[in-house]
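Peer 1: So the chains spell out like this:
Number of protein chains: 2
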Amino acid sequence: MAKELTSKSENYSQWYNDLVAKADLAENSAVRGCMVIKPYGYAIWEKMQAELDRMFKETGHVNAYFPLFIPKSFFSKEADHVEGFAKECAVVTHYRLKNDPNGDGVVVDEDAKLEEELIVRPTSETIIWNTYKNWIQSYRDLPIMCNQWANVVRWEMRTRMFLRTAEFLWQEGHTAHATKQEALVETEKMINVYGDFAENFMAVPVIKGAKSENERFAGALETYTIEALMQDGKALQSGTSHFLGQNFAKAFDVQFANKEGKLDYVWATSWGVSTRLMGALIMAHSDDKGLVLPPKLAPIQVVIVPIYRKDEQLAQITEKVDVIIAKLKALGISVKYDDDDNRKPGWKFAEYELKGVPVRLGIGPRDIENGTVEVARRDTLTKSVESLENIDQYIANLLEEIQANIFNKAKDFRSEMTTSVDTYDEFKEVIKNKGGFVLAHWDGTVETEIRIKDETKATIRCIPFDVEEEEGTCIVTGKPSNKRALFALAY
Amino acid sequence: MAKELTSKSENYSQWYNDLVAKADLAENSAVRGCMVIKPYGYAIWEKMQAELDRMFKETGHVNAYFPLFIPKSFFSKEADHVEGFAKECAVVTHYRLKNDPNGDGVVVDEDAKLEEELIVRPTSETIIWNTYKNWIQSYRDLPIMCNQWANVVRWEMRTRMFLRTAEFLWQEGHTAHATKQEALVETEKMINVYGDFAENFMAVPVIKGAKSENERFAGALETYTIEALMQDGKALQSGTSHFLGQNFAKAFDVQFANKEGKLDYVWATSWGVSTRLMGALIMAHSDDKGLVLPPKLAPIQVVIVPIYRKDEQLAQITEKVDVIIAKLKALGISVKYDDDDNRKPGWKFAEYELKGVPVRLGIGPRDIENGTVEVARRDTLTKSVESLENIDQYIANLLEEIQANIFNKAKDFRSEMTTSVDTYDEFKEVIKNKGGFVLAHWDGTVETEIRIKDETKATIRCIPFDVEEEEGTCIVTGKPSNKRALFALAY
Numbered sequence: 001m002a003k004e005l006t007s008k009s010e011n012y013s014q015w016y017n018d019l020v021a022k023a024d025l026a027e028n029s030a031v032r033g034c035m036v037i038k039p040y041g042y043a044i045w046e047k048m049q050a051e052l053d054r055m056f057k058e059t060g061h062v063n064a065y066f067p068l069f070i071p072k073s074f075f076s077k078e079a080d081h082v083e084g085f086a087k088e089c090a091v092v093t094h095y096r097l098k099n100d101p102n103g104d105g106v107v108v109d110e111d112a113k114l115e116e117e118l119i120v121r122p123t124s125e126t127i128i129w130n131t132y133k134n135w136i137q138s139y140r141d142l143p144i145m146c147n148q149w150a151n152v153v154r155w156e157m158r159t160r161m162f163l164r165t166a167e168f169l170w171q172e173g174h175t176a177h178a179t180k181q182e183a184l185v186e187t188e189k190m191i192n193v194y195g196d197f198a199e200n201f202m203a204v205p206v207i208k209g210a211k212s213e214n215e216r217f218a219g220a221l222e223t224y225t226i227e228a229l230m231q232d233g234k235a236l237q238s239g240t241s242h243f244l245g246q247n248f249a250k251a252f253d254v255q256f257a258n259k260e261g262k263l264d265y266v267w268a269t270s271w272g273v274s275t276r277l278m279g280a281l282i283m284a285h286s287d288d289k290g291l292v293l294p295p296k297l298a299p300i301q302v303v304i305v306p307i308y309r310k311d312e313q314l315a316q317i318t319e320k321v322d323v324i325i326a327k328l329k330a331l332g333i334s335v336k337y338d339d340d341d342n343r344k345p346g347w348k349f350a351e352y353e354l355k356g357v358p359v360r361l362g363i364g365p366r367d368i369e370n371g372t373v374e375v376a377r378r379d380t381l382t383k384s385v386e387s388l389e390n391i392d393q394y395i396a397n398l399l400e401e402i403q404a405n406i407f408n409k410a411k412d413f414r415s416e417m418t419t420s421v422d423t424y425d426e427f428k429e430v431i432k433n434k435g436g437f438v439l440a441h442w443d444g445t446v447e448t449e450i451r452i453k454d455e456t457k458a459t460i461r462c463i464p465f466d467v468e469e470e471e472g473t474c475i476v477t478g479k480p481s482n483k484r485a486l487f488a489l490a491y
Numbered sequence: 001m002a003k004e005l006t007s008k009s010e011n012y013s014q015w016y017n018d019l020v021a022k023a024d025l026a027e028n029s030a031v032r033g034c035m036v037i038k039p040y041g042y043a044i045w046e047k048m049q050a051e052l053d054r055m056f057k058e059t060g061h062v063n064a065y066f067p068l069f070i071p072k073s074f075f076s077k078e079a080d081h082v083e084g085f086a087k088e089c090a091v092v093t094h095y096r097l098k099n100d101p102n103g104d105g106v107v108v109d110e111d112a113k114l115e116e117e118l119i120v121r122p123t124s125e126t127i128i129w130n131t132y133k134n135w136i137q138s139y140r141d142l143p144i145m146c147n148q149w150a151n152v153v154r155w156e157m158r159t160r161m162f163l164r165t166a167e168f169l170w171q172e173g174h175t176a177h178a179t180k181q182e183a184l185v186e187t188e189k190m191i192n193v194y195g196d197f198a199e200n201f202m203a204v205p206v207i208k209g210a211k212s213e214n215e216r217f218a219g220a221l222e223t224y225t226i227e228a229l230m231q232d233g234k235a236l237q238s239g240t241s242h243f244l245g246q247n248f249a250k251a252f253d254v255q256f257a258n259k260e261g262k263l264d265y266v267w268a269t270s271w272g273v274s275t276r277l278m279g280a281l282i283m284a285h286s287d288d289k290g291l292v293l294p295p296k297l298a299p300i301q302v303v304i305v306p307i308y309r310k311d312e313q314l315a316q317i318t319e320k321v322d323v324i325i326a327k328l329k330a331l332g333i334s335v336k337y338d339d340d341d342n343r344k345p346g347w348k349f350a351e352y353e354l355k356g357v358p359v360r361l362g363i364g365p366r367d368i369e370n371g372t373v374e375v376a377r378r379d380t381l382t383k384s385v386e387s388l389e390n391i392d393q394y395i396a397n398l399l400e401e402i403q404a405n406i407f408n409k410a411k412d413f414r415s416e417m418t419t420s421v422d423t424y425d426e427f428k429e430v431i432k433n434k435g436g437f438v439l440a441h442w443d444g445t446v447e448t449e450i451r452i453k454d455e456t457k458a459t460i461r462c463i464p465f466d467v468e469e470e471e472g473t474c475i476v477t478g479k480p481s482n483k484r485a486l487f488a489l490a491y
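So the sequence lines, in the order shown, correspond to chains A and B. Numbering of the first sequence is given in the working numbering, commencing with residue 1 and proceeding in unit increments. Numbering of the second sequence is given in the working numbering, commencing with residue 1 and proceeding in unit increments.
Because the hints were derived from the structure by calculation, they are not lab data. Watch out, some of these pointers could steer you wrong.
Which copy? The list can't say, so a pair holds if one copy fits it or any two copies do.
[What the hints assert, rightly or not] With a cut-off of at most 30 Å between alpha-carbon atoms, the simulated BS3-like pairs for lysine-lysine come out as follows:
| # | residue 1 | residue 2 |
| --- | --- | --- |
| 1 | K336 | K47 |
| 2 | K344 | K57 |
| 3 | K344 | K262 |
| 4 | K133 | K47 |
| 5 | K47 | K208 |
| 6 | K77 | K250 |
| 7 | K87 | K98 |
| 8 | K208 | K336 |
This is chain A alone, in the form it adopts within the complex (with noise of 0.2 Å):
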């Protein structure tokens, strides 16, 4: 079958590059590093967007839209920033093509080179940042809660298909305070935000916490983080909220008088989630046949397939099938009944299987006769006969016992592949051999932090927000911890 896919067990990443490409959700373009969201991978991101502009807009933020381009000397206004953005970036020089002299096509128009550079946006807190400049004044202006949903480019050397692409689709949320804790209020807010979608929608549980300071976002005094953890036992950071301080206010000079008149400098967060998020979907939940989606992000929750050897046989399924889909509609439930002629049955099954279905329905003649249909579940991959009468109610408790059964495997999962350690050679035997989560004091200090990166690989993912505090010892220092930060490979 031209459809089948690596295993997991053989190759995890070569597994990743065929599902992705085998399920149509994305390819390579011409362009390198820049990837084509086919649609159907696409209408898992918007299934994704709709989610997630939602929330945002119910804890109080609108969407707006600032330029694609920056001018090169904006980067240079926040010192961190630069160091940590401004390197690996598109750079437009020129705004004209002309005909080749030669007859060869087109070439850039060397008279029409741009007085100064223009970026395509990395991220956008200073374009952003020079544009609040004008909207604020007084208290009264503040706060501004502004998304902006977007495309980025960031000019990565080694890309992958969602995970590391040139050019990435994401939501960039910039909001502007009047005080500093009204500003770490919403860092927090927004990262729970972030929680609750990827564990409520996209089944992925998550460690919530802090970055440590060498991790943090280039420009923010404090990075709270949601890491996952894929099924080959390596970390994905999925969503970042930061606390930037007055920096990028005092970068681009945005001051404003408050209630007593006197000018103080605004408090600044910024928070993104981008199509990384379809990564940390595939690789949480999918298996050898495919895809397996949450039903509450699946484009299609229900296929529903005609088993038939004579036309009149299709008729009388089709009228059936027109009621269950008439009543799966009005539940709100997606349903495609796929009475293609040119394809088996036994093809449309795995196809539906590749592409993480969540509920497949087969019916026969024999279903006919007794008031049945046979249901198919993609996360089990089990089958029961179920009576015709009530299966939309069926089917609804269904998905959404479907979408817990998958949050709950992914973090029984997490759970046998959180360890514990007390000693370096511990970490690094776990880190080496079972891979997952790690649990480890650390004094707390970037050298230390560089000397397990530099000897292990392993990072620090975050100092988990729910972590007790317990008295321990550095596992490479033995100074003095008192919590445990989390370790693991990452993407």
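Fit chain B to the known structure of chain A by using the hints.
Peer 2: Chain B only, in chain A's frame:
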């Protein structure tokens, strides 16, 4: 008052600029020709997007995403296309910055020069057809019905907020078909979708028709358009749908095996509308007090302003208002209660008139006594006192009435401003003094079209689909013509 607009009759162009700025729709950014779409403007665009997206999906389309960048060489592959598009565009030549050796910020790293320059997409036919090549082998792979919501860049020298900006947001549909007939049907279907959207949601009457050869999209065999009339008598092209024949399939060598097993080139269409629609929406309906939004696209359909002196009055009012809000929301009507204590009712009235909120309710102590509310319509600027009983149904009906009234007003204006002329003198006179649409016989040649444009600045907006066949003679050359073309000065 700081928010007052230049009057429309005094200076239409300044009125438009004032309105865009003061209604918080958009503003210029630090990057030449690129605008910031502010939250209120973006909220209108989101309403437009949601309706259009629904209409596209109902007509069988799916969304996908293609790269922002296009290799320079792609533009040379379709001869007409390169002439029409590849010239004024943003060119990416480098992929890295480095610290300035002189310590002054960052500079382009000359070692990081791209082998082939990348163009920021001005439109995506080339990269998409290069992709479709891999998706299409047989007639079974057709049709492909993709749409993309994206940003595009055209390096315009003279920019105007929404109407013509260097970067703008749009959607571009790109479909691939097995037969010419099917592609033609699609081209027409989509111009009808645009016409339906313009008239039934934007309340902007449009004339549908075919572009003259000279005004066609670069690379198209046929371009259909919807043309709207603005209040200054100028036309605004508001959406186009192109029949591309086999031009792009040939340029990118996209062949398919038809049912008979023979290879043939694929037939194409493309179609798009952009944030330019925001310009049409603003200019078609608004007045000297600000925006006039059709209820179906208004982010806030109803605003409620309490009128009170004492806090206990506000409490009483709010109690009643809470009931009204609940009732309106139950009918799917969006409502805002503005009980901000810092602003006076008069200021709020002006503000929501500026923002084009279709219905404003004012409610004070006397209304509480009488069980009434004051209802103000934005479109007619009239007020009436209505009973609180059944106020929800009253408002639901009123919103429909306003939607219809705005459309009819624009349609009446267009009727007044559409003139049939039979001589070139008359044509020139009408274009110069009256403006609007002018229907005139034309001999069908590019020469005559260009002469008219050179002498009067009027262009052929389209040959309307519904214009009657009628024997006549070209107003310029006297040659025979069997249909009138639609001329106008245009944005």
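Peer 1: Against this structure, judge whether each hint is valid.
Peer 2: Here's how the hints hold up against the structure:
no.	hint	result
1	K336 <-> K47	both (17 Å within a copy, 28 Å between copies)
2	K344 <-> K57	between (45 Å within a copy, 27 Å between copies)
3	K344 <-> K262	between (75 Å within a copy, 25 Å between copies)
4	K133 <-> K47	between (34 Å within a copy, 28 Å between copies)
5	K47 <-> K208	within (23 Å within a copy, 34 Å between copies)
6	K77 <-> K250	within (9 Å within a copy, 49 Å between copies)
7	K87 <-> K98	both (29 Å within a copy, 6 Å between copies)
8	K208 <-> K336	neither (37 Å within a copy, 35 Å between copies)
Checked against the numbered hints given earlier, the structure breaks only hint 8 and satisfies all the rest.
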